[in-house]
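What follows is the residue order along each chain.
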Amino acid sequence: MLLPLLGALFIATLSKSKELLAKQITFATTLLVAIVGVAMATQFQRDNVDLQFVESHSWIPTFGINFAVGIDGIALVLILLSVLLAPVVVLAGWNEATGGRWSVKTFYIILLILETMMIGVFAASDVFLFYVFFEAMLIPVYFLIGGYGSGARAAAAVKFLLYSLFGGLLMLASIIALYVLSGEQGGHTFDLGALSQLHLSSTTENLLFLGFFIAFAIKAPLWPFHTWLPDAADSATPGTSVLLLGVLDKVGTFGMIHYCLALFPHASKTFTPVIIVLAVISVIYGAFLAIGQKDFKRLIAFTSISHFGFITLGIFAMTSQGHSGATLYMFNHGFSTAALFLIAGWMSARRGSSKIADFGGLQRVTPIMAWSFFFAGMSSLALPGLSSFVSEFLVLVGTYTRYPVAAVIAAFGIVLAAIYILIPVQRALHGPSTEGNETLTDLNLREKVAIAPVLAIILALGFYPSPLLNVINPAAQHVITKAGYSDPLPTIGSTSAEKETINK
Amino acid sequence: MISNSLVYLIVLPLFSSAVLLLTGRRADRWGHILGTLAPGISFLIGLYQLAQMLGRSNEERAVTQKLFSWISVGSFQVDASLMLDQLSICFVLLITGVGTLIHIYSIAYMSHDHDRRRFFAYLNLFIAAMLLLVLGDSYLNLYVGWEGVGLASYLLIGFWNQKPTYATAAKKAFIANRVGDLGLSLAIMIAFASMGTVSFAGIKEHAGQASTGVLTAIGITLLIAATGKSAQFPLQAWLGDAMAGPTPVSALIHAATMVTAGVYLIVRSNFIFDAAPNAQLAVAIIGAITLMFGALIGTAKDDIKKALAASTMSQIGYMILGAGLGPAGYAFAIMHLLTHGFFKAGMFLGAGSVMHGMDDEVNMRRYGGLRKFLPITFATFGLGYLAIIGVPPFAGFYSKDKIIEVAFNSGGAKGVILGCAALLGAAITAFYMTRVMILTFAGSKRWDDKAHPHESPVLMWLPMVLLAVGSVTSGFLFTQGNSLQKWLAPVVEQSPAAEGELLKPAVVSILALLLVITGVGLAAMMYLRKPVPVQAPADVSIFTRIARRDLLQDEFNEAIFMRPGQKLAKALGIADNAVIDGAVRGVARLTQGTGRTLGLTQNGFVRSYAMWILLGAIGLLATIWAVTL
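For the protein sequence lines, the chains are F and V, in the order given.
So for the first sequence, my numbering puts the first residue at 1; every next one is plus one.
So for the second sequence, my numbering puts the first residue at 1001; every next one is plus one.
Derived by calculation from the structure, the hints in this document are not laboratory data.
Hints are supplied without guarantee of correctness; some may be wrong.
Said to hold, decoys possible - No farther apart than 20 Å at their CA atoms in a straight line, the calculated lysine to aspartate or glutamate pairs in the DMTMM-like style are these:
#1 V/Lys1570 - F/Asp295
#2 F/Lys294 - V/Asp1581
#3 V/Lys1163 - F/Asp295
To be verified - Here are the simulated distance ranges between beta carbons:
#4 V/Gly1369 - F/Leu445: 33 to 43 Å
#5 F/Thr439 - V/Asn1577: 28 to 38 Å
#6 F/Lys448 - V/Phe1561: 31 to 41 Å
#7 F/Ala460 - V/Asn1004: 20 to 30 Å
#8 V/Met1562 - F/Ser202: 45 to 55 Å
#9 V/Asp1359 - F/Leu31: 54 to 64 Å
#10 V/Pro1164 - F/Leu20: 39 to 49 Å
#11 V/Tyr1048 - F/Glu438: 47 to 57 Å
#12 V/Gln1162 - F/Val54: 51 to 61 Å
#13 F/Lys448 - V/Asn1577: 34 to 44 Å
#14 V/Ser1069 - F/Gln197: 31 to 41 Å
#15 F/Ala177 - V/Pro1164: 52 to 62 Å
#16 V/Lys1570 - F/Ala452: 30 to 40 Å
#17 V/Asn1004 - F/Leu445: 46 to 56 Å
Given the structure is predicted, the values throughout are model-derived calculations rather than measurements.
Glycine included, every Cβ here is placed at the ideal spot set by N, Cα and C.
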């Protein structure tokens, strides 16, 4: 976890002119982090539901704040997502930083700091530490959008920041309240495990839950807290968008699992119907808006709103299928969105426009780029055989066993997804190659190397998701059990049992 | 029984497809050979499996192969596992056998196409997906193949997608299929929620305990899936446009195999439909509607491929009708599916051969008198023609008449209505197919002098000849000693003793033949006695005009789904910006104002702190208010 920070410090000592070196060091650092991350994952004991790789150092003793980290299976998967995407983003966006408001060097320093924080936010087991990462993360993103983005980048960056700060503040209030309550009940602490043992009156619990939940719903983003996302994605560089939608937004859904459900099981139960409704609205609403978009970046942003609806639905369905599916969905969505954003970014950079209407006939001009985009699109619409199908289907089937109506409505997202993916595919890739597109160049070696592993992972996990599911399942099951739920039984099992009792 | 070679059936074409796609232009020289070998070897494996199967007793013929645990979460346990039984072997041999012939044909047909290698890659992808569809041992495995064939179909319909209309046709097919896929996923969800399993064996075992309501729900959602994939009413509109794909694709995917997947799904799910009579009736009704719908469209089409596509829709209607008649009809539905696989694929290849000789002209009004120029095509197409209209002893006579007969004998008013629809459909089939024959091969030439019609090369006519042999003999073979019925017996419930026959088989045959002769005669009168105009006459009845426009299916879909959907998407886009984001911007302006006001009295960081604390307080108050309300 400290590795990227070291890398950032090292780059900071370089002179501004050594841009290439800065890039190379960043790439090497992220790659090294990815290798270490995967190596740690292999050490992870998957059937152990306690936090692992636990470390704790006293940080601010006055308030009992510890620099405490430790991860379960869910956090592990998200950390893997972060560390695997980071080198891809660096390699894919090799020239992204050029032409920004600040130097290329600064860009990579910010990027590495961001990676540190992404790992930290998933690993934190001290609520205050989590909050610090949660808020501090905004700053690098703010600079990445505002300093290196395009279009109305400053406005978009401010919008992003204000939205997130607003949510963060609500969460801070809740955290302080928890701290105070813990003092009344045996000793001030910010430790997640200890806090989840607190006895809360139902009104207090509901209020504190909302403080956390709204912060996460903005981050995730859930309808109707989503409007910052399209603007941010529109202005950010493709690489920033990947980190933003692919990883940072997952902190929202991760927080729902890790904090909302663990700290406030009763309130979670109380608000579940509302949240399920919001999630279903997100699925359908995001998809409809995606259909209407004329710009690649905004389109992908809206598809993500639809996908986050699925994730939230899976979390609050409170079944093992829904829960495991939701966590797997977070991972898969990270990869398919990364692929979409990066390829759309390359297309836009070549064409000088991200308007879908400006493209045409790319399949015959730049076949590899076009095929990669098509592949990523198929992943986004959850084609069976690709990873997102497994997670989307698990979410739907897990939701159906408890909330059939919600699952049926959300399932219409399957059809809408086909529409929102195939419309841009047809307009940009098919048809005759239109003016301005005949001379575009296909992917170069660096770009191919960046995108190939992403597509390979999407395909491999589609057929063989077990490596991840085996890590996720025990943790997901643990969360559900702690929240006081168990899977609904098949109805024929229960009806035949009832029949037997009647017969007796 | 366990077999370790099932997976190779799928892996070979899949591997070939991957090689052809990844090696790119380097494989242009040998791509078509590899692409043809893969399904060919799969066909041999299929034959080997059949031989093994024949060596075992009837109850022990099914073999399985578990590959690995695919999805395992809580009680949701799905293995990647294959199963080959008496039903799936029929499909395996049809897919790989007809598939190989069509691959051979395509070597010549696509020889001038710059992207022939890519074409073979897609065809192999299709074969692999289709084999997975029929070999999967659970609904979820089937689903992978189900969408896989949809993807391959999309890619192949849009093979020449540089033409915008072709690209649109491909998209239309994919989306219509996705609506069907939605049905399949719902069926799987309902099945899992009620029975805790998604495998065929598991659901078959538990179906007896499930309530009729649940089984009906599963049945109806499966039917939705079948209507999408098999182009049945009301999801039929994509099939006509799908003719944008190269003709071998129309023969393989949109006639012989993929579009019949819906029939497979329903016959495979016999344990559900037999216990859910209402769903079963719905299947029969959908089949009857579609067989009439397709036949009527077929009478008005001048495009030879679209006429054949309408005919496919109609013939699959017969199969769905047969499958909807329950145990009495399953075997005949499959029999018609197999015979149709031969004769319709043969006729499509024939149409391709005509197009090949006529500079890709598809308008039959510009054909005429081609029998002299394409004698082999004429002969093979003619045999297919005799088979489809049901002239004894050709294949369609056996399979179609059996479905008509079972429909009549299914009891009550239902039997009479379904039977009459099927019988009338046979007459219309005879009419439109005779029309196709006459317009294409008989009469005088109506093409310009630029066209030089010629017979196709051997690689093209050989597959046509082999399929014609199937069109002639298959029906007889399948019914000899009820062989196909007995073969399928362990998979599908067998027909209980018929409850009082309404019509004897001989009576049905005679009635059907009389109607067929009427249909043929009518077509001969209309198109042989006077010359056929090159331009389609405009002064025709309203019925003809509606039939030419596919009974207004596109107009209906556009008015009911597409335009309202587009409007909704647009309206939501505006609302999102104005209402939701507008509210947010309003709050932002408000706080900005507040911040500025506060800024007059405060300095530096304190100001922003105050602003945020205020905002937080507002938020908290709002939530307190919301919760206590």
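To see whether the hints hold, each was checked on the structure:
Of the pairs offered as hints, the one joining V/Lys1570 and F/Asp295 holds, with about 14 Å between alpha carbons and a cut-off of 20 Å not exceeded. As the CA atoms of F/Lys294 and V/Asp1581 are separated by approximately 18 Å, the hinted pair is consistent with the 20 Å bound. Under the criterion of a C-alpha separation no larger than 20 Å, the hint pairing V/Lys1163 with F/Asp295 is inconsistent with the structure, at around 23 Å. Separated by about 58 Å at the C-beta atoms, V/Gly1369 and F/Leu445 break the suggested range of 33 to 43 Å.
Evaluation of the 28 to 38 Å hint for F/Thr439 and V/Asn1577 yields a pass: the beta carbon distance comes to about 35 Å. Roughly 40 Å separates the CB atoms of F/Lys448 and V/Phe1561, a value that falls within the hinted 31 to 41 Å. Between F/Ala460 and V/Asn1004 the CB atoms are about 23 Å apart, so this pair conforms to the stated range of 20 to 30 Å. Under the hint 45 to 55 Å, the C-beta atoms of V/Met1562 and F/Ser202, about 49 Å apart, fit the expected range.
Between V/Asp1359 and F/Leu31 the C-beta distance comes to about 57 Å, which sits within the given range of 54 to 64 Å. Against the hinted window of 39 to 49 Å, the Cβ-Cβ separation of V/Pro1164 and F/Leu20 comes to about 44 Å, which satisfies the hint. For the hinted restraint 47 to 57 Å between V/Tyr1048 and F/Glu438, the CB-CB distance of approximately 51 Å keeps it satisfied. A hinted range of 51 to 61 Å holds for the C-beta pair V/Gln1162 and F/Val54, which are about 59 Å apart.
Separated by about 38 Å at the C-beta atoms, F/Lys448 and V/Asn1577 satisfy the suggested range of 34 to 44 Å. A hinted range of 31 to 41 Å for the beta carbons of V/Ser1069 and F/Gln197 is consistent with their spacing of about 37 Å. The supplied range of 52 to 62 Å is met by F/Ala177 and V/Pro1164, whose beta-carbon atoms lie about 60 Å from each other. For the pair V/Lys1570 and F/Ala452, the supplied restraint of 30 to 40 Å holds, since their beta-carbon distance comes to about 38 Å.
For V/Asn1004 paired with F/Leu445, a C-beta distance near 40 Å fails the hint of 46 to 56 Å.
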